[in-house]
Structures are given as C-alpha cells and as structure tokens.
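Which chain is which? The protein sequence lines are W and V, in order.
With this note's numbering as the guide, the letters of the first sequence map in order to residues 4 to 275.
With this note's numbering as the guide, the letters of the second sequence map in order to residues 4 to 275.
Bear in mind the hints are in silico, worked out from the structure with no lab data behind them.
Mixed in with the good hints, there may be bad ones.
It does not matter which identical chain is meant; a pair holds if it fits inside one copy or across any two.
To be verified - Mimicking DSS-like on lysine-lysine, the simulated pairs with C-alpha atoms at most 30 Å apart in a straight line are:
{"hint": "1", "residue 1": "K180", "residue 2": "K239"}
{"hint": "2", "residue 1": "K14", "residue 2": "K239"}
{"hint": "3", "residue 1": "K103", "residue 2": "K52"}
{"hint": "4", "residue 1": "K265", "residue 2": "K21"}
{"hint": "5", "residue 1": "K254", "residue 2": "K239"}
{"hint": "6", "residue 1": "K265", "residue 2": "K239"}
{"hint": "7", "residue 1": "K52", "residue 2": "K180"}
{"hint": "8", "residue 1": "K103", "residue 2": "K14"}
{"hint": "9", "residue 1": "K103", "residue 2": "K265"}
{"hint": "10", "residue 1": "K180", "residue 2": "K103"}
{"hint": "11", "residue 1": "K180", "residue 2": "K265"}
Number of protein chains: 2
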Amino acid sequence: MTPNQPGQMPKMPIPGVKYLIAVGSGKGGVGKTTVSVNLAVGLASLGYKTGLMDADVYGPNVPLMMGINRTPMATGERIQPLEQFGVKIMSMGFLNPGDKPLVWRGPMLHSVIQQFLRGVDWGDLDYLIIDLPPGTGDVQLSLIQTAPISGSIVVTTPSDVSLEDARKAIFMFHQVKVPILGIVENMSFLNCPHCNERIDVFSHGGGRRTATEMQVHFLAELPLDPQVRIGGDTGKPIVLREGTAFIELAKNVVARTEEVSKEEGPKIEIGE
Amino acid sequence: MTPNQPGQMPKMPIPGVKYLIAVGSGKGGVGKTTVSVNLAVGLASLGYKTGLMDADVYGPNVPLMMGINRTPMATGERIQPLEQFGVKIMSMGFLNPGDKPLVWRGPMLHSVIQQFLRGVDWGDLDYLIIDLPPGTGDVQLSLIQTAPISGSIVVTTPSDVSLEDARKAIFMFHQVKVPILGIVENMSFLNCPHCNERIDVFSHGGGRRTATEMQVHFLAELPLDPQVRIGGDTGKPIVLREGTAFIELAKNVVARTEEVSKEEGPKIEIGE
Chain W
4 MTPNQPGQMP KMPIPGVKYL IAVGSGKGGV GKTTVSVNLA VGLASLGYKT
54 GLMDADVYGP NVPLMMGINR TPMATGERIQ PLEQFGVKIM SMGFLNPGDK
104 PLVWRGPMLH SVIQQFLRGV DWGDLDYLII DLPPGTGDVQ LSLIQTAPIS
154 GSIVVTTPSD VSLEDARKAI FMFHQVKVPI LGIVENMSFL NCPHCNERID
204 VFSHGGGRRT ATEMQVHFLA ELPLDPQVRI GGDTGKPIVL REGTAFIELA
254 KNVVARTEEV SKEEGPKIEI GE
Chain V
4 MTPNQPGQMP KMPIPGVKYL IAVGSGKGGV GKTTVSVNLA VGLASLGYKT
54 GLMDADVYGP NVPLMMGINR TPMATGERIQ PLEQFGVKIM SMGFLNPGDK
104 PLVWRGPMLH SVIQQFLRGV DWGDLDYLII DLPPGTGDVQ LSLIQTAPIS
154 GSIVVTTPSD VSLEDARKAI FMFHQVKVPI LGIVENMSFL NCPHCNERID
204 VFSHGGGRRT ATEMQVHFLA ELPLDPQVRI GGDTGKPIVL REGTAFIELA
254 KNVVARTEEV SKEEGPKIEI GE
C-alpha cells in the first residue's frame, strides 16, 4: 500500500465488490437516476451480480423508480439491502419515506454515505452502481475521494446549460483521479408519437462534441422518450423491455470498465 | 422587534429592497433558473425595478441564460451588480467563470451567499429574485432562514419523480414559515413543431393537483418549448418576445406577493 497524501483518506476496497461505478452529473434533472436505475437493471439482466446505492440523500428517487419502498432489515450491525429486478438496493428513501425533507449538515451526510457503502451487506457483486447527488459540491467530492471507484459516468442533456455543468463534473473526476468511463447524452431527441418526426427539444449532439473536446469516451445517446419517464414514475424501468438503448449502454459500460481496469494495471490490495 | 427563538438568526431587512422572492425546487433540472431568469426579465419589462441573485454557487447558469459574463466592479466594500435586460444581476459564475468546479464546504457557501445578499449594491428594488440551489439541503435552509423572504415559488415538472421532491420543498418553506406564492408547472406539455399535436413528455397536470392537495396556489403552466431552451442557451430569455406564458407568470407573482404581504399585516421594522 502506498502512503497516502496528507489529508487524503485511504480508499479501502469494499469486500466482495468487484467494480464500483459512480454516475454523476453537473446538473440535476438530466436523468442521472434514470440512467443509474436502467444501467443497474440492465447489468443484472446481462447476468452480472449488481447493486445500486442511492447517494442522493436529499432527493432519493431510486425507490420510486424501482417500484420498491420497505424498511430494510438489519442483521447484527449490517443493513440488508432490498432487492428488486435482480438488483440489491439501498436508499435514504427507505429510511426517510414521505414528504418531509431531510435537513442534515455536511458531516452527517458524509457519515450516512459511508454507512451505505460499508455498513450494507452488499455480498458478492460484479457491479455496484452509485447514483451520486447532482452537482460538484463537497458531498460528491468526499464520496469519490474515499470510495475505491473503478470508473465514473457523466450524464448530461444536449443543452448548453447542462453541458456547462457536465464539464465541471468531468473536471471534478479528473481532479481526484477517478477514471471516466464516458459521457451519456440523455434526452437526445424525441420522436413525435403522432407524426414520428424528430424533435430536438434540448438540442442534439452536444454530449458527443463535449466528449471529443474533453478527450473522454462517449457512451450512449438516449432518446427523450415519454415511455422512459413513465417507466420511472411507475417503478418499471424501461430497460426491462427489449431493444432499448439502455441495454447497449450497459454493454458499453462493461467494456469500458474492463478497459479502464487493465489500464490501471494489476493491483495489490492489503486489507485491514 | 420580537425576540428571536433560540438558534434562529435575525432576518434583517435588505435596505432598499421591497420584496424578496425565492425560487426553489426539490429537484434540479426542472427549469428553476429558466423560471427565475424569465420572471426577473418579465418583472423588469412590466416596469418593476428588479434584481436577480443566483444562489446556485456550484452550478451557476444565470450568466449563460442572461447572456452576460463580466467581472463585477467593487465600490468601496460593496460589489456592483451587472445589469442586463433591465435586471441587476449577481452570480458566482461572474467570479468563477470557466469549467473548474467550485469545491467549497458548507460554511464558506453560507458566507458567500450572505455576501451576495448584503454586500452587493442592489440599490432600490421592487423585486429581488433569488434563484436558490436545487434541493432542500442545509444551504437552502440557511439562506431562507436568514433572508427576509416575502414569498417563495416552487418549480416542478409534472413527473411524479419531480413532484415527490417538490413536496419536500413545500414542506421546507412551511417549516421555516416562508409564505408560498405558489407552484409553477414547467415542461407541462410540448406541441410538436411538425404536426402541432400535443405531447405530454413529462406527464401533465401534476403541478396543479399537488397545489390543490397541499393547499398552495398554482401560478402557471409553462410549455416544454424548444424555443425556451434556445433562449436559455443563447442568453436571450424567451420572455423578451411577446405573448409568452412567462409574462402571465410575472403578473401572477406580483398579485400573489401583494396578497401575501397584506395577509402578513403591517410590519414595524427597526434597523440596527
């Protein structure tokens, strides 16, 4: 183990978890949780043992989108994740259901996220997907600095406003040396359900252009499909249907994760 | 002046500012900044002296949407706001332009927001619009607890996921006794530019339904119009054109603000 730099916390591995993937965005509302949920269910449907950790403690939308909300049980000191569509899930929404906002200061937030990461009985997983809170604030930074993240995904819409914030997220991951698997452009285009003509509601192509400019991979272009939103609102992720762009995204994420892990070279990890 | 409750900071008035309006949302990406920008420019075009404070320090999109980005000057110890489309503006985007994310902890954030509120030379204003950061975290709460806010606006899309978080924002304002002017449903519907048929991309009507359920006013239903996004991306707010729903929103906000101020009754304010 190399000595840590001053002020940097050690990135202890999470026993049993092979790859930890962080899904972030500079801006909220770009579909980060939609991507996380469909990616996790997609990976599970491809046969990978998958977990999904909802790190957005203020606005946890994973329970609604996965159609599950029960109180998790504890075994000894460890919390048992819930399971839906073959994915193990943990979310603040399970612990604070209803409409009351959670008003916590930074340090408490940090501690609950560490608890989710290391106090949950994830078991053996190929992939643990972390749905980060939107933005590039201190909570996001603390988390990606302390978790042994294999790779990160930055979700954006094609609008300039969203791309402006996506670039900040890419800088953040670069800064803390977390490999970037690539950019996902969500809400890329809409095919009118009436006339089937294409509508570029939030513009188009900016995700790919930004990926080229910033020399990161481009992972997927996902349509603005009302069915995606309906899948989220009803707790039935769209990836459960056949032939969606999300399953391609899952395959690209697998390929990029393996690529990035090889680049990183073999690791010798020494436990506590 | 009534004595403050323990732990509650005094809400000192901002000299020269008549009404302080906070625009919030439970979730990011619902169009909170689009609403703030168009509301501010709309109020100015109605003849009100208006300011716009961008309190989203991590993802400040106001400069891009208002088409202005220069470094503000200081006069003595006070910062001079920039002016565009008749609106006085202050944003962290002016001080930290470019793609580097701002990595600040809570207390620094709190201090810069107080600086924007009280260290900026706003002059005489009828309305100062505050574009809050998305969510219901501690930054939002600190701000609305310390600023003498006349009324708040909660922006949501019609999707259940967004409404889930909007309810949290309404609870937050209730909790700290900030009057709620009402809910705005953004991205309500899209008229296909090709066949003119209506598409309910993010569902429809949930904003009005939630307003009824939670006994708050419903202020406006704003279309998901690609022209609104183009206006934002090019720094030319759509309200500058004639006949948009945003000017109706501005008029409703004026009416509700006056209504709420009357309900509150006459105030005797004693300065320091």
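Of the hints given before, which are not true for this structure? 1, 2, 3, 6
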